[in-house]
Amino acid sequence: MKLKRTMAILMAGVTCAGALAGCGGSGSKDTGSAASNSGGLTELTFVMASRDEFMSSIEEAMVAEAEPLGYKIVSQDAQNDSSKQIQYIETAVNGGAEAVICLPVDADGTQSLIDAVGEKNLVFVNRPPTNYSELAADNVTYVGSNEDTSGYYQGEYLANYFKQKGQKEVKYLMIQGTLGQVSTTKRSEGVIKALKDNGINPVEASAPVVADYDRPTAQEMIQPLLTSGKEFDCIIANNDAMALGAIEACKDAGVEINFPIVGIDCTADGAKAVQDGDMAMTVFQNPVGQGKGAVIAADNMINGKKLGTGMEELGALDTSGKDYSDSIFWIPFEPVTKDNVADYM
Numbered sequence: 001m002k003l004k005r006t007m008a009i010l011m012a013g014v015t016c017a018g019a020l021a022g023c024g025g026s027g028s029k030d031t032g033s034a035a036s037n038s039g040g041l042t043e044l045t046f047v048m049a050s051r052d053e054f055m056s057s058i059e060e061a062m063v064a065e066a067e068p069l070g071y072k073i074v075s076q077d078a079q080n081d082s083s084k085q086i087q088y089i090e091t092a093v094n095g096g097a098e099a100v101i102c103l104p105v106d107a108d109g110t111q112s113l114i115d116a117v118g119e120k121n122l123v124f125v126n127r128p129p130t131n132y133s134e135l136a137a138d139n140v141t142y143v144g145s146n147e148d149t150s151g152y153y154q155g156e157y158l159a160n161y162f163k164q165k166g167q168k169e170v171k172y173l174m175i176q177g178t179l180g181q182v183s184t185t186k187r188s189e190g191v192i193k194a195l196k197d198n199g200i201n202p203v204e205a206s207a208p209v210v211a212d213y214d215r216p217t218a219q220e221m222i223q224p225l226l227t228s229g230k231e232f233d234c235i236i237a238n239n240d241a242m243a244l245g246a247i248e249a250c251k252d253a254g255v256e257i258n259f260p261i262v263g264i265d266c267t268a269d270g271a272k273a274v275q276d277g278d279m280a281m282t283v284f285q286n287p288v289g290q291g292k293g294a295v296i297a298a299d300n301m302i303n304g305k306k307l308g309t310g311m312e313e314l315g316a317l318d319t320s321g322k323d324y325s326d327s328i329f330w331i332p333f334e335p336v337t338k339d340n341v342a343d344y345m
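Be aware that the sequence shown starts at 1, since it is given in full-length UniProt numbering, and climbs by one per residue.
Honestly, the hints are just simulated from the structure, not real lab data.
Just so you know, not all the hints are guaranteed correct.
Claimed, not checked - Ranges between beta-carbon positions, derived for each pair:
| no. | residue 1 | residue 2 | range |
| --- | --- | --- | --- |
| 1 | N340 | Q111 | 23 to 29 angstroms |
| 2 | K306 | K171 | 22 to 28 angstroms |
| 3 | A253 | E119 | 52 to 58 angstroms |
| 4 | P216 | F259 | 30 to 36 angstroms |
| 5 | Q164 | N94 | 21 to 27 angstroms |
| 6 | D52 | G166 | 36 to 42 angstroms |
| 7 | E67 | A342 | 26 to 32 angstroms |
| 8 | T178 | Q111 | 56 to 62 angstroms |
| 9 | G70 | T91 | 30 to 36 angstroms |
| 10 | Q87 | T178 | 40 to 46 angstroms |
| 11 | N160 | T91 | 46 to 52 angstroms |
| 12 | T178 | E119 | 40 to 46 angstroms |
Said to hold, decoys possible - Pairs of lysine to any residue residues, derived as SDA-like cross-links and limited to a Cα-Cα distance of at most 25 angstroms, are as follows:
| no. | residue 1 | residue 2 |
| --- | --- | --- |
| 13 | K186 | N131 |
| 14 | K251 | Y161 |
| 15 | K165 | K84 |
| 16 | K84 | L69 |
| 17 | K171 | N131 |
| 18 | K305 | V93 |
| 19 | K171 | G95 |
| 20 | K186 | G229 |
| 21 | K306 | N139 |
| 22 | K251 | E231 |
| 23 | K338 | E312 |
| 24 | K196 | K251 |
| 25 | K72 | K120 |
Backbone N, C-alpha and C define an ideal beta-carbon position, used for all residues, glycine too.
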């Protein structure tokens, strides 16, 4: 795995919220020691929303980072059930856990997860609370990537591509993830904003299709549009899986891929599609950085250290300015094209 997969946590901001205990350099509290299992390692529970390739990559990074710090990762799959997620957190806390790492099922319902952890510590990873003010609590933090930039990278690539072709208006097909999720909203908005910012007029060739980040669903839903006679210049997908579904739909329908298809996440299959020329570009979301950062944050909270301790060793410190900056740790997205995809394989 290349160096870029293990680097670059950017910690947001210079502005501290008054209610945040991290201001003034005291970003966490002393919680004492957690109970250890029979192997001598302290159990650290990771409650994921549901398992997929990306979640497994985050989990692997957590396991690799945890053991040298004295932890054993215990993973729980909530299978997109918010009530199960609450139960898993309560079980971990009742079992003596001092910290829980959680990728929430519902970004709008994260307060219930904070309530479930009580006075113990909670690290949100990958998917932040919709209401960032929830991160003002001194026992809650977030490690993930700033979705304001992910779709924007797609739009910048497409704008440059079509400018070189002399086009000022672009008709697009968009495949969206799960409606209501922060990632879906921001990725969809970001690509359109970037096109407009770069002088391109984006026009819907058809209403967006919603494929819930699922490859077979995207393949099934996009195929009728490919054969409907609608004219389009590109296909924009909120993640690689759906972009790959679109590629398969094109091949099944006998449609030549002579237009850009773009994704996000830079999964192994996505990177190969870029290398093969089927996908024009993707945007690398760093699961290793997120997994490592989540474990470091949990360890800092458990041991009463400042939340940012060790984070700067994984990358540059961002001073762009965000609310609750001492409780938000950004892992940067990175654009990936055929020119640099080898660095991500």
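Cross-check of the supplied hints:
A hinted range of 23 to 29 angstroms is violated for the C-beta pair N340 and Q111, which are about 40 angstroms apart. Between K306 and K171 the C-beta distance comes to about 50 angstroms, which lies outside the given range of 22 to 28 angstroms. Hint check: A253 to E119, Cβ distance near 56 angstroms, so the stated range 52 to 58 angstroms holds. The given range of 30 to 36 angstroms is broken by P216 and F259, whose C-beta atoms sit roughly 22 angstroms from each other.
Taking the beta carbon of each, Q164 and N94 are about 59 angstroms apart, not inside 21 to 27 angstroms as hinted. At roughly 40 angstroms, the beta-carbon separation of D52 and G166 lies within the given 36 to 42 angstroms, and the hint holds. At about 30 angstroms, the beta-carbon gap between E67 and A342 stays in the expected band of 26 to 32 angstroms. Between T178 and Q111 the C-beta distance comes to about 20 angstroms, which lies outside the given range of 56 to 62 angstroms.
Checked against the hint of 30 to 36 angstroms, the pair G70 and T91 fails, with Cβ atoms roughly 21 angstroms apart. Range check, Q87 to T178: about 22 angstroms between beta-carbon atoms, so the 40 to 46 angstroms window is missed. Range check, N160 to T91: Cβ separation about 50 angstroms, and the 46 to 52 angstroms hint holds. Restraint check, T178 to E119: a C-beta distance of roughly 32 angstroms breaks the suggested window 40 to 46 angstroms.
A threshold of 25 angstroms between alpha carbons decides the hint, and for K186 with N131 the separation of about 14 angstroms falls inside it, so the pair holds. Taking the CA atoms of K251 and Y161, the gap is about 23 angstroms. The hint holds against a cut of 25 angstroms. This hinted pair does not check out: K165 and K84 have alpha carbons roughly 51 angstroms apart, beyond 25 angstroms. Only pairs whose Cα atoms come within 25 angstroms are accepted, and K84 paired with L69 is rejected, the gap being roughly 28 angstroms.
The straight-line distance between the Cα atoms of K171 and N131 is roughly 34 angstroms, outside the 25 angstroms bound, and the hint therefore fails. The suggested pairing of K305 with V93 holds, with an alpha-carbon distance near 20 angstroms, which does not exceed 25 angstroms. For the hint pairing K171 with G95, the CA-to-CA distance comes to about 55 angstroms; that exceeds 25 angstroms, so the pair is violated. With a CA separation close to 29 angstroms, the supplied pair K186 and G229 exceeds the 25 angstroms bound.
Of the supplied pair hints, the one linking K306 and N139 holds, its CA atoms being roughly 12 angstroms apart against a limit of 25 angstroms. For a cut-off of 25 angstroms, the pair hint linking K251 to E231 stands: about 17 angstroms separates their Cα positions. At most 25 angstroms may separate the alpha-carbon atoms for a hinted pair to count; K338 and E312 exceed this at roughly 30 angstroms. Taking the CA atoms of K196 and K251, the gap is about 31 angstroms. The hint is violated against a cut of 25 angstroms.
With a C-alpha separation of about 18 angstroms, the suggested pair K72 and K120 falls inside the 25 angstroms cut-off, and the hint holds.
Figure legend: structure checked against the earlier numbered hints; hints not met, in rising order: 1, 2, 4, 5, 8, 9, 10, 12, 15, 16, 17, 19, 20, 23 and 24.
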